[in-house]
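Read off the chains here:
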Amino acid sequence: MSFLIAENMVGGYGGSDILKGCTIAVEKGEIVVIVGPNGAGKSTAMKAVFGMLDLREGSVRLGEDDITTLSPQERVRRGMGFVPQNNNVFSTMTVMENLEMGAYLREDDWSETLDQVFTLFPILKEKRQQDAGELSGGQRQQVAVARALMTRPQVLMLDEPTAGVSPIVMDELFDRIIEIRNTGIAILMVEQNAAQALAIADRGYVLVTGENRFSDSGQALLENDEVRRSFLGG
Amino acid sequence: MDDILNAIVLLTNFVIVPALAYGAQLALGALGVTIIFGILRFANFAHGDLMAFATMVVILVTWVLQDAGIGIAPLPTALIALPVGILAAIAISLFTDRCVYRFYRQKKSAPVIFVIASIGVMFMMNGIVRVIIGPDDQSFGDGARFLIQVTQFREWTGLKEGLAIKMSQALTLGVAVIAVAALFWFMQRTRAGKAMRAYSDNEDLALLSGVNPDRVVFYAWVIAATLATIAGTLYGLDKSFKPFTYFQLLLPIFAAAIVGGIGQPLGAIVGGFIVAFSEVTITYAYRKFLLYLLPAEWVPDGLVQFLSTDYKFAISFVILVVVLLVRPTGVFRGKVI
Amino acid sequence: MTVNPRACIYFGLMALALMAVGFLQSWSLALTILNLCLISSIMALGLNMQWGYAGLFNVGVMGFAALGGVAAVLVSQPPVAEAWSAGGTDLGLTVLALAAAIAIIVLVRRAMGKGPLRTFVTFVLAIAGYGFVRIFFDPASEAIESVDPSKTGYLGGLGLPIILAWPIGGLIAAGAAWMVGKIALGLRADYLAIATLGISEIVLAMLKHEDWLSRGVKNVTGLSRPVPYEIELQTTDWFLGLTESLGAAPIEASSVFVKICYALLFVAVLGILMWLAEKALHSPWGRMMRAIRDNETSAEAMGKDVTRRHLQIFILGAAVVGLAGAMLVTLDGQFTPGTYNPLRYTFLIWVMVIVGGSGNNWGSVLGGFLIWFVWVEAEPAGLWLMDLATSGLGESSTLRAHLLESAPHMRLFVMGLILLLVLRFSPRGLLPAKTRHQ
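Read top to bottom, the protein sequences are chains V, B and R. So the first sequence is numbered by the numbering used here: it starts at 22 and just counts up by one. So the second sequence is numbered by the numbering used here: it starts at 83 and just counts up by one. So the third sequence is numbered by the numbering used here: it starts at 9 and just counts up by one.
Errors might be hidden in some of the hints.
[To be verified] In silico BS3-like pairs for lysine-lysine, Cα to Cα no more than 30 Å straight-line:
(1) B/K370 x B/K248
(2) B/K324 x B/K248
(3) R/K216 x R/K226
(4) R/K287 x R/K442
(5) V/K49 x V/K146
(6) R/K442 x R/K312
(7) R/K312 x B/K321
(8) R/K190 x R/K287
(9) B/K370 x B/K242
(10) R/K190 x R/K312
(11) B/K370 x R/K216
(12) B/K324 x R/K226
(13) R/K442 x B/K190
(14) R/K159 x R/K226
(15) B/K321 x B/K248
(16) R/K190 x R/K216
(17) R/K190 x B/K189
(18) R/K122 x R/K190
(19) B/K189 x V/K41
(20) R/K226 x B/K190
(21) B/K321 x B/K370
(22) R/K122 x R/K159
(23) R/K442 x B/K321
(24) V/K41 x B/K190
(25) B/K324 x R/K442
Just so you know, these hints were derived from the structure itself, not from any lab.
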């Protein structure tokens with residue numbers, strides 16, 4: 022029984038189903054990566070896990086609880102953090118305000134979390150009075166991840182965190198993600214840069230047309246010939 | 083030397099002081115429009131009539147107070163009536179939101195549907211105001227008329243030109259500064275204000291952060307209604323109250339909001355002053371001013387007025403068009419609707 | 009074309025309502041309402057082209073209607089020779105100066121490269137050009153306006169039959185729409201709305217204050233007519249014979265007869281416009297318009313020139329509104345710029361289109377009839393209701409007197425209510441446009 026498990030998800034937009042019974046699970050302290058070709062339903066699966074898409078069938082469970090019917094906001098309250106792919110920062114607000122918004126729902130003292138986030142992303146401490154919209158792409162992604170961490174989530178979900186950033190920035194981001202994992206948070210992410218992502222992943226899912234095609238450890242998927250040929254470009 | 087001073091005083095008296103007051107009134111109106119736009123994402127055509135409604139309540143309460151002999155001279159009695167007007171404006175705004183706009187929000191209708199709905203609200207408010215107080219001019223100012231009088235100023239300075247500052251003008255600026263400071267403090271420093279800014283900036287992410295959209299919409303109406311009441315009352319004290327004039331204020335107010343960058347509070351303020359100063363400077367007759375500065379034979383015969391005051395609206399509009407063509411996001415990079 | 013049973017019922021009810029006015033109040037009033045219903049329908053039809061066909065949010069209907077109205081003055085009034093001789097030369101020079109200023113600006117802009125400097129130079133030249141034009145224009149307008157100001161004080165018109173003003177009014181409005189469209193149509197809905205609102209205010213400001221053109225708020229009254237005058241009818245033999253055989257009083261009958269003449273003219277215009285509009289809407293052109301309205305991006309991707317099409321339909325719609333504006337002034341027999349009010353001339357037309365059913369020509373006609381009828385009849389109805397509601401207050405109550413006095417303004421409230429109710433519960437209007445997917 023995994024910490025977060027979304028089983029046999031069926032659903033989509035309008036009439037047609039994009040997800041056709043896929044299952045995704047993640048444990049605490051584990052990085053799980055979803056890869057697959059364009060249109061496989063990777064981002065849709067993420068949205069479904071986070072409750073931004075109504076499922077026709079299947080269930081999502083977090084810990085002991087069934088959260089299938091909860092709203093995204095409620096899931097945030099239950100300890101899920103989500104970093105969308107686009108528009109994932111408040112660009113007219115300062116970095117500090119972005120982090121405050123991340124902690125919006127928290128009624129306890131979150132200064133400790135803030136310290137942790139600043140230790141993880143030192144550049145943000147430096148730029149905390151700058152508007153997030155003025156930062157570079159990589160820094161914006163850091164703000165986005167940091168904002169999600171401010172909720173002190175047990176599960177962090179990232180939708181293509183490295184889209185549009187340079188390879189150096191990507192490596193740096195992945196390093197940070199590993200550090201976050203090491204604090205015991207469960208990490209679920211969708212990635213276009215499949216090979217690099219699988220390299221840091223504990224487990225991976227290869228999604229094709231809304232169904233699980235392969236599920237294995239990241240290393241095993243990287244070594245799997247068929248996965249390499251079909252999805253990792255050789 | 084005296085001539086230059088006279089020229090400056092003349093310009094201050096007829097251009098700078100009136101434009102400052104008018105600009106502050108427009109800025110307060112435009113702030114309301116821009117906040118509704120930022121949160122509810124539509125251009126509220128009923129804003130002018132909301133101002134008229136709120137001012138009407140203030141006037142009625144003022145009359146009652148005047149009859150009862152309650153006043154705070156030298157300040158106008160309307161200031162005591164202001165809170166009642168604000169409450170009434172908030173009440174009717176929340177009521178229309180509940181009855182009209184909420185439905186379209188839940189349906190996620192296109193902005194243009196909201197605009198059409200606001201036209202319906204505009205008609206109804208206009209009707210209510212005219213039924214209750216009538217379509218005519220109403221005056222409700224009392225207390226001292228002037229803070230500085232022309233004769234006093236001449237005595238002090240010994241200049242030929244006089245400077246008058248009306249109480250309503252001084253009051254406008256004072257109240258506007260307080261209102262704007264309070265608004266910015268709220269938006270920048272409080273949790274609710276930050277939630278509003280976040281919602282206006284990125285609705286989806288704000289929802290993900292746990293911002294309650296109903297609260298944000300509630301605050302937006304409360305703020306817009308408060309500002310509308312203040313703006314309407316100050317305008318009424320400074321000039322006069324007439325329902326149709328308030329409806330017509332919609333155009334310069336929209337111009338101010340868009341020129342500054344719609345959805346940007348700071349932009350609305352700057353936009354208000356840009357529009358007001360353009361209107362006043364372009365429609366002012368400069369003949370007398372030039373006579374002080376130039377030899378008489380150099381000064382042209384006419385009034386040296388760029389545009390007749392009848393074309394005030396044209397000026398807001400031209401500024402609007404120029405901004406839309408040159409920099410569609412406005413001075414402060416607002417949202418493009 | 010298939011007959012829509014719903015439309016028949018609504019139009020039947022409308023006819024009954026007008027007849028009820030005829031029986032209960034007077035036939036003369038019923039015809040007055042009918043005539044304005046017809047004009048309103050045409051305005052609504054014009055706006056429907058812009059909003060219903062193409063989704064253009066025009067809140068400047070009033071301006072186009074007023075431009076049509078001024079055409080009636082400029083076409084039908086006799087020219088004022090004294091005014092022409094007093095200010096004609098200067099006015100001619102004004103035109104030349106304007107042309108020269110524009111030519112210089114265009115030439116300079118062509119010679120310069122794009123950039124902020126060019127914008128600045130254009131701006132300076134425009135101001136200088138404006139001052140230059142004023143040198144000729146100010147004496148011209150002053151001279152013209154001082155020619156017998158209580159009677160004329162303007163240039164007058166061409167002295168042609170007023171019916172020619174209808175198409176010309178359409179053309180003037182179309183010309184203005186071309187200019188507006190060139191500037192504003194690239195903008196999104198809300199901006200276009202505010203821009204058109206501004207334009208209509210400017211048009212009205214000009215018509216109110218450029219006395220040399222149309223006497224401004226001094227009004228032009230006694231415009232000529234396309235139909236006979238009552239007084240003439242009352243002394244015409246065949247008409248007297250007709251009234252005698254019908255057993256009607258000649259004075260009342262003459263007024264009814266004149267109104268019927270107007271009604272026939274208006275019906276003819278409406279008929280022609282409807283025929284054209286229906287043809288257009290169901291032609292490939294109309295389908296393309298709807299495709300653009302429903303999905304601008306994909307229509308653009310399919311190679312449709314969206315901006316050009318929008319300009320086209322904006323001009324067409326404005327022309328129809330201008331035509332209706334000219335008809336309205338003709339019916340009134342006077343041009344009174346001071347009475348134009350956006351609530352009545354812009355937003356009321358919007359209520360007509362929305363209530364009737366956006367995109368459906370028949371809907372607009374129905375909306376025009378229904379809303380105008382309610383607008384007119386809400387006044388006596390509101391008065392009656394208010395009388396009833398306040399009857400307990402006693403005859404001498406000042407509150408009652410005040411409420412009775414302001415009761416007519418209830419119709420604004422009623423209009424808003426109708427608009428909101430229709431928008432909420434029947435958003436596609438009384439006669440919804442047919443769509444393929446429902």
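Margin query: Of the numbered hints stated earlier in the document, which are not met by this structure?
Written below: Violated hints: 7, 17, 20, 22, 23, 25; rest satisfied.
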